[in-house]
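> Residue strings, one per chain:
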Amino acid sequence: MAILGAINPVLMAGLDGDNSWQLKDYVARGGYEMLKKILAENIPQEQVIAEVKASVLRGRGGAGFPTGLKWSFMPRSFPGDKYVVCNTDEGEPGTFKDRDLIRYNPHAVIEGMAIAAYAMGATRGYNYIHGEVWEMYKRFEAALDEARAAGFIGQNILGSGFSFELFAHHGYGAYICGEETALLESIEGKKGQPRFKPPFPASFGLYGKPTTINNTETFASIPFILKMGGESFLNLGKPNNGGTKLFSVSGHVNRPGNYEIPMGTPFSELLQMCGGMRGGRKLKAVIPGGSSSPVLPGDVMMDCTMDYDSISKAGSMLGSGAVIVMDESTCMVKSLERLSFFYYEESCGQCTPCREGTNWLYKVVHRIENGLGRPDDLDLLSSVTTNIMGRTICALGDAASMPVQSFIKHFRDEFAHHIEHKTCLVPKDVQWAGSGFHKVAS
Amino acid sequence: MFTAETLQKFDREVAKYPADQKQSAVMACLALAQEEKGWLPAEAIEAVAHYLGMPPMAAMEVATFYNMYDLKPVGKYKLTVCTNLPCALSGGYHAAEYLKQKLGIEMGETTPDGRFTLREGECMGACGDAPVMLVNNRSMCSFMLPEQIDKLLEELK
Amino acid sequence: MLEIEIDGKKAQVPDGSTVMDAAQQMGVYIPHFCYHKKLSIAANCRMCLVQVEKAPKPLPACATPVTNGMKVFTHSDLAVQAQKGVMEFLLINHPLDCPICDQGGECQLQDMSVGYGGMKSRYQEEKRVVFHKDVGPLISMEEMSRCIHCTRCVRFGQEVAGIMELGMANRNMHSEITTFVGRSVDSELSGNMIDLCPVGALTSKPFRYTARSWELQRRRSVSPHDSLGANLIVQVKHDQVMRVLPKENEAVNECWISDKERFAYQALNSDQRLTKPMVKQGGEWREVPWNVALDYVAHGLKDISREFGGDALAALAAPSSTLEELYLLQKLMQGLGCGNVDHRPRQQDFTSDGKRVGTPWLGMRLAELNNLDAALVVGSFLRKDHPLIAQRLRQAVRKGGAALSLIDLSADDQLVPLHARLTVAPSQLAQTLAAVVKAAAQQKGVELPAGLENVQVCEQAKAMAQSLIEGEKKAVFLGNAAQQSAAATQLHALGLQLAQITGATFGFLGEAANSVGAQLAWALPTGANARQMFEQPRQGYVLMGVEPEFDCANPQQALAALAQAKMVVLFSAFKHEPALAYADVLLPMAPFTETSGTFVNTEGRIQSFAGVVRPAGDARPAWKILRVLGNVLDLEGFGYNTSEEVRDQVLGGASEFATGLDNGLNGVTLQLPQAGQGMERIADVPIHFADPMARRAPALQRTRDAAAPAARMAAATLAQLGLQAGDLVRVRQGQGGAELAAALDEGVPAGCVRVAAAHASTAALGEMFGAISVERA
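Chains as they are written, first to last, in the working numbering: chain A, 1380 to 1821; chain B, -4 to 152; chain C, 90 to 866.
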């Protein structure tokens, strides 16, 4: 099955999970119709962008920036090469939706990119795919071959005079390349170190040329938005939070996986779709938008709906829609330790506050977890995060800091207990019970 | 340095980029070089750099930045286990522990028979399938409970 | 123009300025480490975070463009908190080893930690340890734990030196600056990275632990090592030169110097210094007092002049001698009735003497090089002959998109993208330049200069001509090898033709520190020139600062002439073996650090300097030695009290730039030389063999640039001779030969063998660009 559950699915509609990635299946589902129509009718670029704007599609990669607006920043009349780049470098802990999109519906991404290229006057594109999902990279390359052979990408597409060359570029193990300018550096064959902005990619992007970068899900939504009309898409969700969205649910639920639901669906409903909590344990906490978003206590989360505004109001971020569910057997100190290690490991090392700060954060949390915490450690952590946030080249510094701040804010007792008693508040025999694996290890 | 087949693959990668941007193919070429050699000796990195007309140090920066490149020899099978939080919640830590016990090595080590190398990985973007592990950077194995791990190790023997 | 307000002060700044630019223009200091005005912006250290009105977060001044009406606060709470936070991060993994750090006292991190650092570290974890690296004899990377990852060194390599030898490997806090697995840093500009490093991570290997910065006195000087005339800070302790650094002069060396200029000072303190006058009597060398030596010299020269006439004498000076030395030398010789004076030991073709309109020079100011749209350099080992001119041309290409073309003798990597290139045998230089002239004439539709009817025009020549026609600011330069070539005058005439047709400027990349000054000082023959004075051996020679076995176009011939002379007087800062054989008197002269004097660089800039230390032992400034000699000889006009008096007499009123600079040529007809026959020698003058100081600087001699010469040939040439790389070969010119290893170098034109000059192993050979034979040894 391509998807474990859905309400009014758009991206994953009609996917049986068997051959749905092939061109003939996509075409049978009505694929490439919009590209054909746009090219055949020579629909003005502005009109395409206006439709995307009307859908209030917000970037699905995490930042939630309105896609139509982003497209309008592109200097369409700039002579020479312009690029559209798809960000499938999905490596934020908790996020695994783009992998399934490429796995089951790669042609939607290709069609979306081709339409985007048309709307912005771009002639070349790359899809940057996370190196670890190598099989998806290969699958996308195969889909490109199909699309090229069928004339949906390449020179003079469908005889329209519009040309768009599209290629896949794989990553090879660096979370930071999900940051759009690091991704561009990486395509250029360099270390994935983010660029400072301004200039923004729309004016100085890949190879110094105007470039628009969108998330996989964002591009995949485009053909459907144009087909159903921007407003209909918007109405699937709620105002300012258009459409349906893929949510990747991981952690202590019975059926972890991807779910496509309209924006604004209550979290409780999503949890139910996932079969509820594993082993019937109590919900303790949820990280609602990927590991970078602040953690929320379970009860707060149960009152939220799954959209940008609701989650933001609760003090976190919808991010990429990666919902990490933790039950009462979870030690929050150990959980934070692992997340902090991730940011320490994945810091590109370029700018001082992130390079040094993520290392400092991890080492202090590690000490606390290992019974070497000191009374002033929590204040120290808070001060270090303050010194990182807002002072780095890219958002990784903030991403590393927010978990630390929110874990301490909501679960301060547990941290204090670790520091004071050198042990965990969650009894040893209960710890990680939710993993469904703990008996083996002991 | 490389087989004709590998060089052909290099060219296929180079062709993806504008003619004056051959360096863009460095990640792919290093990956192909590693595929051929099993790991990335400095000579291979330099050969790739020369092939693409870029400074060897620039290629070295790339090879040392991305963590799927192996700058030291690894076992015949490199098993990378994700232990990040979402995976850990569904048994990632335990899968790693189980593998360590089974193979009798620590993370980063290679079995004495040169068969297996164990690595702790970062997020592979497959948290829903936890525990997950990657074999030789290529094949992703999902839901790796003890039974599946045993089966996999048996297959790779 | 944009209006900006920084800390309440208002100013107008040009469009495109950053906040850092504006602050510097206004004299407001914003702390920084990674920012450097000559390098691309990295914005990675985050030390320059400032508050900008309406921005929620502090912004890096180095990377934030000024917008009209912007208000910036560099000392607000937000800014200072951010700066202090960054400083704390920079220090947590930085070793607190300032007392034993070579950078201590001149460390930006140390200085700034006083202003922004805490009294006590909150970081209680283990500090990062970074392994040391050996990157060669010049740069020490012993304590890389001190590195703060500003990447200035990396960017310098990529952007200024043109070669990325250092990079930042790994990621996160394990990032570290390194070379490609254990390699050395070989750029001829590498030492500048030491200056750029804001901490004690990259330090000077030769200088390490020899002095503290606060013990050093800083004295200004001018580089004697090439024709650019880099401005120097010579640092002195106890009357000894301890270190040489660039003195910033945007118009000349910007803020750079070459490694030769930085490290050659080691020779000044070497035990090879000549510190007492010495006279050879009955085959025995004796140290003698100055008056004895000068009497001896005066009598010897006067006797020869009286007995055989002034023409039996000759004087040859190094073109890196000072204006004053050169002037007094020629004056002394004229006083002895001798017009055989020259300063061009490497030149072979003197047919332009008497036909030049003025003093040959660059033809433009150095700073104009950066703005060229097109340039053609003929006959130059560009990077190694002129490291900083090459750097300026590199910037012209990198930043301005200039079309740089080369006609050269070996296709060495110049570390800059080239528009076109023709690498040819020495005998083909003129033909090749003629082809460009012809192509230019054809493209412009102007009449073909006479003598070029049979020249073949190739595509590369057409491309060169086209770039010179299309560009607005363009130039044609002759390099050292062109000036040393047997066809130097023809190349000069062709260059002028090409410039005239295309509207380019024609100029010379001067060979040495005072190539222009020597002409102004009349250190030019009225009799025999540098070649003739050895071709037709003389009875007496006066040599100043030259080592003929290394410095002459044909050392074989020079040494033979010296061997038969009755008297050879050598002014030298160093005592060296070959001279003990051919010289009769050694007069210890002061090197540039121990004398006052003047160099006129290749753009005609007059740069006077004072001595920075007392002369070693009994060494004396050569201008004073010559003055006393003049007095001893009772010659007119040697009553100078200061070197300035000499200078003013030579230059008249000129102060900043010399007058009379003109590359014009009269009465030379084009007559292209015939193609050479047989194997031709290509002799470069390797950068660290090029002058007596560099030859004796131990650290420079350990660099890759100072590797012993090999017989370098293209594969086809090797095959033709039945040789393989690594074979020992015997190369012969005339009576002399050398045994060298054959080496493969595809950059050497077919039918040529590249054998470097200026090295002991090749000193027995003949002409730099003459016929040569190669056979298995």
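For the record, the hints were derived by calculation from the structure and aren't laboratory data. A hint or two may mislead.
SDA-like cross-link-like pairs, simulated, lysine to any residue; straight-line CA separation at most 25 angstroms [unchecked claim]:
1) A:Lys1742 - C:Val219
2) A:Lys1617 - A:Asp1777
3) A:Lys1576 - C:Ser106
4) C:Lys488 - B:Gln143
5) A:Lys1569 - B:Glu30
6) A:Lys1742 - C:Glu232
7) C:Lys365 - C:Ala668
8) A:Lys1517 - B:Glu30
9) B:Lys4 - A:Gly1530
10) A:Lys1606 - A:Ile1382
11) C:Lys209 - A:Met1768
12) A:Lys1807 - A:Pro1676
13) A:Lys1569 - B:Gln143
14) C:Lys216 - A:Lys1588
15) A:Lys1576 - C:Glu232
16) C:Lys127 - A:Pro1578
17) A:Lys1807 - B:Pro141
18) A:Lys1588 - C:Val219
19) A:Lys1569 - C:Ala530
> Does the alpha-carbon distance linking Lys1617 of chain A and Asp1777 of chain A stay inside the 25 angstroms limit?
Judged against 25 angstroms, a Cα distance of about 28 angstroms means the pair is violated.
> Between the alpha carbons of Lys216 of chain C and Lys1588 of chain A, is the straight-line distance 25 angstroms or under?
With a Cα-Cα distance of about 41 angstroms, the restraint between Lys216 of chain C and Lys1588 of chain A is violated, given a limit of 25 angstroms.
> Measure nothing beyond the straight line between the CA atoms of Lys1517 of chain A and Glu30 of chain B; if it is 25 angstroms or shorter, mark the hint as holding.
holds (15 angstroms)
> Would the hint linking Lys1576 of chain A and Ser106 of chain C be met if the CA-CA limit is 25 angstroms?
holds (15 angstroms)
> Within a Cα-Cα threshold of 25 angstroms, do Lys1742 of chain A and Val219 of chain C meet the stated pairing?
Answer holds: Lys1742 of chain A to Val219 of chain C is near 18 angstroms, not above 25 angstroms.
> Does the alpha-carbon distance linking Lys1576 of chain A and Glu232 of chain C stay inside the 25 angstroms limit?
Cα-Cα ~33 angstroms, so violated.
> Within a Cα-Cα threshold of 25 angstroms, do Lys1807 of chain A and Pro1676 of chain A meet the stated pairing?
The hint holds at about 22 angstroms.
> Please verify whether Lys1569 of chain A and Gln143 of chain B have alpha carbons no more than 25 angstroms apart.
violated (38 angstroms)
> Lys1742 of chain A and Glu232 of chain C were given as a pair; does the straight-line alpha-carbon distance stay at or below 25 angstroms?
holds (24 angstroms)
> Taking 25 angstroms as the top limit, are the C-alpha atoms of Lys1588 of chain A and Val219 of chain C close enough?
At roughly 38 angstroms apart (the allowed maximum being 25 angstroms), Val219 of chain C and Lys1588 of chain A break the hint.
> Within 25 angstroms, alpha carbon to alpha carbon, are Lys4 of chain B and Gly1530 of chain A?
holds (24 angstroms)
> Is the straight-line distance between the alpha-carbon of Lys1569 of chain A and that of Ala530 of chain C 25 angstroms or less?
violated (45 angstroms)
Checked against the numbered hints listed earlier, the structure breaks hints 2, 4, 13, 14, 15, 18, 19; every other hint is satisfied.
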